[in-house]
Amino acid sequence: MTAPTPPFRDPHLPFAKRVDDLMSRLTLDEKTAFLHQFAPAVERLGIAAFRTGQEALHGVAWMGPATVFPQAVGLGATWNEDLVRRVGEAVSREARAMRARDERVGLNVWSPTVNLLRHPLWGRNEEGYSEDPRLTSAIATAYTRGLRGDHPTYWRTAPVLKHWLAHNNETARDTSSSSVRPRVLHEYDLRAFRETVEAGAVAGVMPAYNLVNGRPNHLSPYLGRHLRAWTEDDLLVCSDAGAPSNLVDSEHYFDTHEEATAAALRAGVDSFTDHGTDSSKIVARVRGALEQGLLTEADVDAAVRRQLSVRFRLGEFDPEHDPHAVRDGGTAEGDGTTESSADGDGTVRDGGAAGTAGDFDTPEHRALARESAEQAVVLLKNDGVLPLAPGTHVAVVGLLADECKLDWYSGTLIHRSTPLEGLYERFGADRVSFAEGVDRIRLRRTDGTYLHVLPSDDSPARAHGTEAALDPALLAGRTDLPPLTTDAVGTELALVDWGEGVLTLRAPDGRYLSVAEDGYLRASADQPGGWVVQETFRLEPHAGGHLLRHTGTGRLVQVAADGVKVAADTEAGTAATDTEVFEVVVTERGEDAVARAAAAADVVVVVAGNDPHINGRETEDRTTLRLPGHQERLLRAARAANPATVLALVSAYPYAVDVETLPAVLWTAHGGQAAGTALAAVLAGDVSPAGRLPQTWYADDADLPGLLDYDVIGGRQTYLYFEGTPLFPFGHGLSYASFGYADLSARVRDETVSVSFTVTNTGGMPADEVAQLYVRAEAPSVPRPRRELLAHRRLPLAPGASARVSFEVPLAAFAFWDVAHDRWRLEPGPYALLVGASSEDVRLSATVTLDGEPAVPRPVRERGLEAVDFDEQSGTMIVDRTKAVGDAVTPASDSPGELLYRDCDFGAGVGGVTVSVAGGGTVELSLDGGPAVAVLSPHAPTAGPYDYVDVDGAFTAEGVHDLRIGLRGALRLAHVGFSG
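Numbering (the numbering used here) for the sequence shown: 625 to 1604.
Computed beta-carbon distance windows for the label pairs:
no.: 1; residue 1: Glu988; residue 2: Ala1326; range: 46 to 52 Å
no.: 2; residue 1: Asp1216; residue 2: Asp1333; range: 42 to 48 Å
no.: 3; residue 1: Arg633; residue 2: Ala1425; range: 51 to 57 Å
Derived by calculation from the structure, the hints in this document are not laboratory data. None of the values given here were measured: they were computed from a predicted structure. Backbone N, C-alpha and C fix where the C-beta goes; we use that ideal spot for every residue, glycine too.
Could you put together the complete structure from these sequences and hints?
See below:
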């Protein structure tokens, strides 16, 4: 007899019942093994191995060739949810098609990144969508919907949002703590996650490496308190790579890995990404925690249940019913039919056509890559030089003019288009000239010989990531090519200074000099890349010449009998007598070549920007908004030779550039495989640019807050609060057409504000406009944004055409987080509605008066004060009250800190105060800016930062007052209570 089908295999049962059945069949050891990223198979039950995590930020990454779309910040610049949803759909279809060929391709995709682009020097700026939480959420929701697919039951892929929470720095990223006050937490950092999760297409989140308010994100109490309260779906929380070990190894938050693993699991982490494919350490830690009573089997069950929920949604247990499965013959059952499948509640519904192995690098995906790249281009300035007139002789110059750069989270290019290639194709090679602008040099030793690249018959090396790799950081450099040597003539090298003295050196055949594991220097890399870039160097002045230091190893370059190599470990960083000193012999300066090309052209296009693997990138923040000096030299040379100079910035982040003397400036993120074609189409006027800036472009480094200052309110950060004059404002972007705005209507009804207006293309060519709606509270009782994006819409309009734009804005969108009462509150009063083409280009405005909840003084006599619920602060930071939950406040340095709590209601009167403190120091209380009326200190410093004591003192007050609290010393304040 055939064995009965176990309930977990029955597609007609609800997923919850099937998970219950499967859980009952798994042993504790089997469940424990599921907690690692690489969950093993359970052969006795016919359950396959499973791994969490497949990078898919703007295309399937790391697993070989795939369609490469614009970087995430470029997708954010499109302001187009429909487009981004289609990109997500294409990426998920390719993931399915690639998995059919390679089982290592995962369907639990770690994308998108919804960290807000609060600070433009963040090294991972390229991964986010915007500095604004609503725009970020809108784009992220669109992408996750595309990744998920439209089937009511089965998901094409299961997207995980990165990186929870308040994560905008690579500097000390695993040990730094983001101090996030409650208003910033709720109004800014949580908002992007919340609205995306509530939209229903998110399978989970990944905590970030950093700490928030003194507590590692992998222990965040907000995972339970907020994240999992936003949806009824089971959300899978996957740790970031190595972060579980960081809890002990770098953060020293716990003494043992068993304690750390148990705490993370109890906080809500379900899958541990640690030690690569080796699950033994995590499994041993969980077992140890169970044996020590730090965990229960119920804790393990909760995590495993959430993982299995995702696996069921991906159709793993229902291959015959999975509408997204890639089948032999191309469609479901190979005959083009559709499948029926059970919804999660047991209802059987029709599915769509199955995926096919052909859903990869399709003509549709190529066209979508080009459309995305075109829509991402932002025209920042134009004095009439653009679009380029037919027959224009164009000089395209600059270090990125003939580049199509990839980043760490890219797939391998199948198709490639550089700006030079795009302009050749559009204008013809006879109308386009080119100068890269590299410095051409030879490196001469003190004995008169030069570094020499030996010829090779081999084709240029493949880029990092060409091979499918679960961890491309482990890909080794090439050792099959001959090392550099020396001879009497030497090899002319192309030198690029990418800023801060970081150089690349390229051989005439296009290969970059690189150092492999054996320490020898070879011309072997197609592009700089890798987790630790091995293709960058520094020239350090020394003894009338220069030392050549390899940045990847930190070692000096030396010449040995068997070739050029880096010094051994014992010699690294030394300047011994046998250290090689090189003279840099310049054969041509880049600005000279650029000036010649620019002078001979009608218009010169300078293509400048960054290499995503050098300087600003994951693990490395930028230090300045300025263009690297090498590129500023090229720009000056082009402008001096030809006033008709267009600056095209291709970069992962904003720059502060002098645009006064430039007739036209454009920006685009690295645009993927169609970047060059798209840029050429915009320059030629085949496409009117309609990208809009997703973040503020500041004019100077002096305008920036500290990298670790996460208080966007107190620090007056982002377009929401910035009071200076930006170089280009949030939402800015020009067009080759012009647009008129008219007939604004705004009405309050029920729980919404209805806003509508008309946009008309008053120009002479078809073009898109991005209509933007902002709000400003006119009489706020607390600091509110100067203006805040409520809604937007990208509109395609023919010349002379009009469109009526309507938005229904819920009243909740006008609320703020009231720290006095620990909840959202809609404040009554007037609100200005601002409609226009950017946050500063306001065309129409109206005022609506909203009913709301009037401010009520803080009931401190009854409830006391949580220290973290301040209105204003100076010189303090928020820290963890305990390792599991709660906040406290402490001075940020040796200087005193101050907290202000407005409108504290002491009622008929109080006579005493109690402060809950840890550490040692003093707490001073004063009313309305007057002298201290109470000074309290513990009798002696407490034993540790989590050992709180209550200190009582006399304190007399009645009625409503502002309360100021001064903190001095190494003291943590958690709570203030009043009595009497």
